[in-house]
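*Asks:* Letter by letter, the chains look like this.
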Amino acid sequence: MLRVENINKNWGEFKLQDITFEVKNREYLIILGPSGAGKTLLLELIAGIFIPDSGRIFMNGNDITFLPPEKRKLAYIPQNYALFPHMKVYDNIAYGLKLKKMPKNEIDKKVKEIGEILGISHLLPRKPRTLSGGEAQRVAIARALILEPKLLLLDEPFANLDIQTRSKLIQEMKHWHKELNFTALHVTHSFEEAVSLGDRVGVMLDGKLIQTGEVREVFGRPKNEEVARFLGFENIVEGIGEGKVLKTNSILIELPVEVKGKVRIGIRPEDIIISNEPIKSSARNEFKAKVLAVEDLGSLVRLTLDIGGIELRAFITRSSLLEMEINEEKEVYLSFKATAIHIF
Amino acid sequence: MRHDYVTGFFALIGTFMIVYILLPLVVIVGKQLFDWEMLMRTLHDELVLIALRNSLLTSTATMLISLFFGVPLGYILARKDFKGKSFVQAVVDVPIVIPHSVVGIMLLVTFSNRILDSYLGIIMAMLFVSAPFTINAARDGFLAVDEKLEHVARTLGASKLRAFFTISLPMAMSSILSGAIMTWARAISEVGAILIIAYYPKTAQILVMEYFNNYGLRASRPISVILVLLSLSIFVILRWLVGRSRNA
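Quick note, the sequences are listed as chains A and B, same order.
Using our numbering, the first residue of the first sequence is number 1, and each one after it goes up by one.
Using our numbering, the first residue of the second sequence is number 345, and each one after it goes up by one.
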C-alpha cells in the first residue's frame with residue numbers, strides 16, 4: 001500500500017540514502033535502528049512534513065511525494081505524542097473529525113467508541129498535562145485512529161514509558177492492530193518491539209535501509225556484520241504456545257511461563273550448551289542437532305546448528321571445538337535452560 | 345536553620361528600586377486627595393474629558409493595528425529561517441533606540457502634511473514606538489509552541505492556515521496579549537513623537553504638558569493623577585485577565 005522508492009534527503013546532521021521499501025496492506029512493519037539513523041526524518045518525509053531531495057513515495061499506486069500532509073490520509077504519532085495542550089483529551093481526539101465538519105452527535109459517538117477500545121473513556125474531560133506517559137500515548141493513538149487512516153506512522157511510540165507500561169502497551173497494540181485493521185509503519189530502536197509487533201522488520205543504519213524481511217530471517221541471517229552487531233545476534237524461534245510448551249513444526253520447547261497462541265522466543269547463543277553425548281543437567285531443553293557451519297571468530301567459534309529444520313547459533317571456545325572434534329555435518333547434542341528463553 | 349544573608353541583602357537593595365517607583369505615585373495621588381475640589385473641577389472640564397477619550401481611542405487603535413501586522417511577522421520570525429532574518433529582527437528593535445522626538449521628526453519629514461495634527465498622525469507616532477512589544481511577544485509566543493504540534497494537526501487534516509488558527513495562535517495567545525497590553529501602555533504614555541506630529545487633536549498626555557507650561561505645577565497635577573490612575577487600572581485589569589486565561 002505504501003511504496004518508498006530511492007528516497008534521498010540531506011537534512012543537517014541526518015542523511016537518508018537511497019531508501020526503498022514497501023509496506024503491505026494491513027501489515028505491521030517495523031524499522032529498527034539506533035538513534036540518529038534517520039528514522040524520524042523518514043517518517044516525516046512519508047507524512048509530508050518535508051519533501052525528499054529525490055525519489056518517490058507512492059500510496060496505493062498514487063504518487064504522493066509532493067502532496068501536502070493533510071491530503072495524504074495517514075496518521076503520524078511523533079515521539080513526544082504531541083497532544084494539543086490547550087485542548088481537553090476529548091477535543092484532542094475529536095480534532096480531525098471536527099475539521100471534516102462531521103455532525104456533533106456523530107463525533108461524540110465516535111470519540112466515545114474509540115475511548116472505550118483504547119481504555120481512556122475516563123480521561124476524556126482531562127487536560128493532556130495531567131496524563132501519565134502511557135495515558136498520553138493512548139490518547140495520541142486514539143486521535144490518530146479515529147480518522148481510520150490508511151496508514152499509521154509511529155515514531156518510537158513506547159520509548160518514554162516505564163517497562164511495565166511499555167510491555168502492556170505492546171501487547172495491547174497487537175490486539176488493536178488485529179481489531180482495528182490498520183496498516184502500521186513503526187520506527188524504534190527497541191529490539192523487543194520489533195520482535196513482538198513486527199510482521200516484517202527493516203534495519204536502518206546511518207541513513208541506509210540495510211535489510212528488510214521476515215523477523216526471523218533478519219535476526220537469523222543478518223546481511224552483514226554491522227546488522228548482526230546492532231541486533232545483538234539472537235536466535236529467534238516461532239511457534240504456537242500451549243501452556244508451558246512451545247510447539248514448532250518439528251520440536252517442542254519447554255518454556256519458563258505459560259503462553260497461549262502464536263509467539264516468538266529468543267535464546268542468546270551464549271546460553272546454548274553443546275555436548276557430544278546427552279547430558280543430565282538442569283537444562284529442560286535438549287535436542288539432537290546437526291552442525292551446519294563452523295565460523296572462526298578468533299578465540300570464539302560460532303556454530304550454526306539444525307534441529308528439525310530450525311537453525312540456531314551457538315558460541316563455543318576454540319579449545320572446545322578441538323576437544324569435541326566438531327566439524328560440519330557432525331551430530332551433537334544441544335541444550336539450554338527454560339529460564340534462558342526470552343518470550344516476546 | 346542558617347540565615348540566608350545573600351537573599352536578604354539583595355531584597356534590601358531591590359526594595360529601594362520599588363520604593364523609588366512607588367513613592368512619586370503615592371505622593372502625587374495623596375497630594376491631590378487633599379485638593380479634592382480641583383480634582384472634581386478637572387473631571388468636569390470638557391477639554392480634559394475629550395483629551396482622555398482621544399488618548400484611550402488612539403492607543404487602543406494602535407494596539408489593534410500592531411496585532412494585525414505584528415502577529416504574522418512574529419510567526420515568520422519564529423518559524424522561518426531566511427536570508428536577512430537578523431536584519432529584519434534588528435529593524436523591529438530600531439524604535440527602541442531612537443529618541444522619540446526624532447521619531448516625530450522622521451515621520452513628519454517622510455509623510456509631511458498628510459499626518460500633521462490628525463488622529464492618523466497620533467496613531468502612527470504611537471505605532472512606531474510601541475509595535476515592537478507586540479511583534480517580539482508574538483515571536484516568543486510562537487517559539488514556545490512545538491512545531492511538531494502543527495505537523496500533527498496537518499496530518500490530521502488541517503491546512504496550514506487552519507493549523508495556525510486552531511493550534512499555534514491559541515497556544516501563543518496569552519503571550520501575544522501580554523505584548524499587546526505593553527504596546528497599549530507604551531502608546532498611551534507616548535509624548536515626544538506626538539508633540540511634534542500632532543499637538544491637536546489634543547491627547548491627555550499633551551494636555552498635561554500644556555497645563556504645566558501655561559499654568560504651572562498645581563494646574564497640571566489633577567489631570568496627571570487622572571491619567572495615571574486610568575491607565576494603571578486598565579493595565580492591571582488586562583494583565584489580570586490574561587494571567588487568568590493562562591492558568592485556565
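You may find that some hints are simply not true.
[Unchecked claim] Label pairs and their in silico Cβ distance ranges:
| no. | chain 1 | residue 1 | chain 2 | residue 2 | range |
| --- | --- | --- | --- | --- | --- |
| 1 | A | Ser35 | B | Tyr463 | 33 to 39 angstroms |
| 2 | B | Arg590 | A | Ser35 | 57 to 63 angstroms |
| 3 | A | Glu13 | B | Tyr463 | 40 to 46 angstroms |
| 4 | A | Glu148 | B | Phe354 | 57 to 63 angstroms |
[Said to hold, decoys possible] Computed list of lysine-lysine pairs in DSS-like fashion (alpha-carbon distance at most 25 angstroms, straight line):
| no. | chain 1 | residue 1 | chain 2 | residue 2 |
| --- | --- | --- | --- | --- |
| 5 | B | Lys504 | A | Lys73 |
| 6 | A | Lys260 | A | Lys290 |
| 7 | A | Lys100 | B | Lys504 |
| 8 | B | Lys492 | A | Lys101 |
| 9 | A | Lys15 | B | Lys546 |
| 10 | A | Lys104 | B | Lys424 |
| 11 | A | Lys71 | B | Lys492 |
| 12 | A | Lys260 | A | Lys330 |
| 13 | B | Lys424 | B | Lys375 |
| 14 | B | Lys375 | A | Lys150 |
| 15 | B | Lys424 | A | Lys15 |
| 16 | A | Lys262 | A | Lys247 |
| 17 | A | Lys168 | A | Lys100 |
| 18 | B | Lys375 | A | Lys15 |
| 19 | B | Lys424 | A | Lys71 |
| 20 | B | Lys492 | A | Lys127 |
| 21 | B | Lys427 | A | Lys73 |
| 22 | A | Lys100 | B | Lys492 |
| 23 | A | Lys98 | A | Lys73 |
| 24 | B | Lys492 | A | Lys98 |
| 25 | B | Lys427 | A | Lys98 |
| 26 | A | Lys101 | B | Lys424 |
| 27 | B | Lys427 | A | Lys71 |
| 28 | A | Lys150 | B | Lys492 |
| 29 | A | Lys109 | A | Lys15 |
| 30 | A | Lys168 | A | Lys73 |
| 31 | A | Lys127 | A | Lys168 |
| 32 | B | Lys375 | A | Lys88 |
| 33 | B | Lys492 | B | Lys504 |
| 34 | B | Lys504 | A | Lys88 |
| 35 | A | Lys260 | A | Lys174 |
[What the hints assert, rightly or not] Chain A regions said to be covered by chain B (calculated; three or more residues, Cβ under 8 angstroms):
| no. | stretch |
| --- | --- |
| 36 | 18–31 |
| 37 | 78–91 |
| 38 | 253–265 |
If you are wondering where the hints come from, they were derived from the structure by calculation, not from laboratory data.
Every residue gets a Cβ at the ideal spot worked out from N, C-alpha and C, and that includes glycine.
*Asks:* Hint by hint, say whether it matches the structure.
*Replies:* Verification of the supplied hints:
no. : hint                                    : in the structure
1   : Ser35/A - Tyr463/B: 33 to 39 angstroms  : violated (59 angstroms)
2   : Arg590/B - Ser35/A: 57 to 63 angstroms  : violated (35 angstroms)
3   : Glu13/A - Tyr463/B: 40 to 46 angstroms  : violated (54 angstroms)
4   : Glu148/A - Phe354/B: 57 to 63 angstroms : holds (60 angstroms)
5   : Lys504/B - Lys73/A                      : holds (15 angstroms)
6   : Lys260/A - Lys290/A                     : violated (30 angstroms)
7   : Lys100/A - Lys504/B                     : holds (15 angstroms)
8   : Lys492/B - Lys101/A                     : holds (24 angstroms)
9   : Lys15/A - Lys546/B                      : violated (63 angstroms)
10  : Lys104/A - Lys424/B                     : violated (36 angstroms)
11  : Lys71/A - Lys492/B                      : holds (18 angstroms)
12  : Lys260/A - Lys330/A                     : violated (35 angstroms)
13  : Lys424/B - Lys375/B                     : violated (53 angstroms)
14  : Lys375/B - Lys150/A                     : violated (74 angstroms)
15  : Lys424/B - Lys15/A                      : holds (21 angstroms)
16  : Lys262/A - Lys247/A                     : holds (9 angstroms)
17  : Lys168/A - Lys100/A                     : violated (33 angstroms)
18  : Lys375/B - Lys15/A                      : violated (71 angstroms)
19  : Lys424/B - Lys71/A                      : holds (23 angstroms)
20  : Lys492/B - Lys127/A                     : holds (18 angstroms)
21  : Lys427/B - Lys73/A                      : violated (34 angstroms)
22  : Lys100/A - Lys492/B                     : holds (21 angstroms)
23  : Lys98/A - Lys73/A                       : holds (15 angstroms)
24  : Lys492/B - Lys98/A                      : holds (20 angstroms)
25  : Lys427/B - Lys98/A                      : violated (38 angstroms)
26  : Lys101/A - Lys424/B                     : violated (31 angstroms)
27  : Lys427/B - Lys71/A                      : violated (30 angstroms)
28  : Lys150/A - Lys492/B                     : holds (21 angstroms)
29  : Lys109/A - Lys15/A                      : violated (44 angstroms)
30  : Lys168/A - Lys73/A                      : violated (28 angstroms)
31  : Lys127/A - Lys168/A                     : holds (23 angstroms)
32  : Lys375/B - Lys88/A                      : violated (52 angstroms)
33  : Lys492/B - Lys504/B                     : holds (13 angstroms)
34  : Lys504/B - Lys88/A                      : holds (22 angstroms)
35  : Lys260/A - Lys174/A                     : holds (14 angstroms)
36  : 18–31                                   : violated (count 0)
37  : 78–91                                   : holds (count 6)
38  : 253–265                                 : violated (count 0)
In this structure, the earlier hints numbered 1, 2, 3, 6, 9, 10, 12, 13, 14, 17, 18, 21, 25, 26, 27, 29, 30, 32, 36, 38 are contradicted, and the remaining ones agree with it.
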